[in-house]
Amino acid sequence: MPADPLHILIAALVCWLNFVTIDILFKLPEQGGVSGAEEIGRHIEKGGGALHGGYMMGNIVSSPDASAGTLLASCGVYATGIPGGLLAALLVYIGNRICHDPGYAGTTGCITATFIVYGFTLIGFSAADFIVGMVIAILTIQGISHMHASRLLSTLWRWREG
Amino acid sequence: MNGTEIALAVCGIIALYAAFRVMLEKDTMKKLPFLNVISFAISGSIVLLVPHPLAIVAAAAYFVGSTLESNAIASTFAGGPRNE
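Line order of the protein sequences matches chains V and F.
Quick note on numbering: the numbering used here labels position 103 of the first sequence as 103, and the sequence is numbered without any gaps.
To convert, count from 1 in the second sequence and add 1000; that's the numbering used here.
It cannot be assumed that every hint is accurate.
If you only want the chain F side, here are some residues facing chain V, beta carbon under 8 Å, derived [unchecked claim]:
#, residue
1, A1019
2, V1047
3, L1049
4, T1067
5, S1075
Okay, derived cross-link-like pairs now, DSS-like style, lysine-lysine, Cα gap no bigger than 27 Å in a straight line [stated by the list, open to error]:
#, chain 1, residue 1, chain 2, residue 2
6, V, K46, F, K1030
7, F, K1026, V, K46
8, V, K27, F, K1030
9, F, K1031, V, K46
10, F, K1031, V, K27
Restraint ranges, calculated between C-beta atoms of paired labels, are given here [unchecked claim]:
#, chain 1, residue 1, chain 2, residue 2, range
11, F, P1051, V, K46, 37 to 45 Å
12, F, T1076, V, I10, 38 to 46 Å
13, F, L1016, V, H148, 43 to 51 Å
14, F, P1053, V, M147, 24 to 32 Å
15, F, G1080, V, L9, 21 to 29 Å
16, V, L122, F, E1025, 40 to 48 Å
17, V, P5, F, L1016, 48 to 56 Å
18, F, L1024, V, H100, 24 to 32 Å
Because the hints were derived from the structure by calculation, they are not lab data.
All C-beta atoms, glycine included, are put in the ideal place defined by N, C-alpha and C.
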């Protein structure tokens, strides 16, 4: 499969939409799942960001959520196809329990991502595009500007709350 | 460079970038999201380097382990466990 930067960009966009949609549906921005996630949210708010977006970023740091699910599902599909993605979902489920996370955002995100990534491999994409796409997607949320990312997530959260 | 090598190179560059951001950030709690980006990049690289079913287990173990460490650091700074 020849490398195609366009494929990587499309994969990054798909990964971003998958994990942000599922995390917001599972109410990650509502509150910090553990005290550490809340503290991260408060520090991001102190730095000029928005509190609920900060909570979601804290939750992403503190437990494997849909973003981790998407990454590990891509890894699973890359190594062994759909069974690999489902194995990754089981590992994310165990990871959630280890991190005292009672939610199912990670497991759900992993299962949806498995089928999305597999579907894209049928139309000429490589699962490797999705691995690097998810790394780029998480970079846009956690690694560039906490202030702007948290504000964006808070805006999406307000839509979700209606 | 083939597709996998480009993917690996991008993961490596992002991990290095995030490492610099961790070093430059003063606030410990705000270092953790950058550390999270490193975990993503390394987990992805593990599977890109070793495309084997057990590599998924290795990547997941590394990722969950680093997440748990971040969780522990953040919760300690927050004054210890609340309901966990």
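We went through each hint and held it up to the structure:
Annotation: A1019/F was flagged as interfacial toward chain V, and the flag is violated, the nearest CB pair being 11 Å apart, outside 8 Å. Evaluation of the V1047/F hint against chain V yields a held restraint, the C-beta minimum of about 4 Å falling below 8 Å. Residue-level restraint check for L1049/F is violated (minimum Cβ-Cβ distance to chain V is 11 Å; threshold 8 Å). Interface restraint check for T1067/F: the shortest CB-CB distance to chain V comes to about 6 Å, inside 8 Å, so the restraint holds.
Taken as an interface hint, S1075/F checks out: its beta carbon lies about 4 Å from the nearest beta carbon of chain V, inside 8 Å. At roughly 11 Å between alpha-carbon atoms, K46/V and K1030/F fall within 27 Å of each other, so this suggested pair holds. At most 27 Å may separate the alpha-carbon atoms for a hinted pair to count; K1026/F and K46/V meet this at roughly 13 Å. For the hint linking K27/V to K1030/F, the alpha-carbon distance of about 22 Å falls within 27 Å, and the restraint holds.
Taken as a hint, the K1031/F and K46/V pair is honoured in the structure, with Cα atoms around 14 Å apart against an allowance of 27 Å. Restraint check for K1031/F and K27/V: the C-alpha separation of about 24 Å stays at or below 27 Å, so the hint holds. Checked against the hint of 37 to 45 Å, the C-beta distance between P1051/F and K46/V comes to roughly 43 Å, which is consistent with it. About 40 Å separates the C-beta atoms of T1076/F and I10/V, a value consistent with the hinted range of 38 to 46 Å.
The supplied range of 43 to 51 Å is broken by L1016/F and H148/V, whose beta-carbon atoms lie about 22 Å from each other. As the Cβ distance of P1053/F to M147/V is approximately 41 Å, the hint placing it in 24 to 32 Å is violated. Checking the proposed 21 to 29 Å range against G1080/F and L9/V shows it is violated: the Cβ atoms sit about 43 Å from each other. Between L122/V and E1025/F the Cβ separation comes to about 41 Å, which falls inside the hinted range of 40 to 48 Å.
P5/V and L1016/F have their C-beta atoms about 19 Å apart, which leaves the hinted 48 to 56 Å range violated. The supplied range of 24 to 32 Å is met by L1024/F and H100/V, whose beta-carbon atoms lie about 31 Å from each other.
Comparing the model with each earlier hint shows violations of hints 1, 3, 13, 14, 15 and 17; every other hint is respected.
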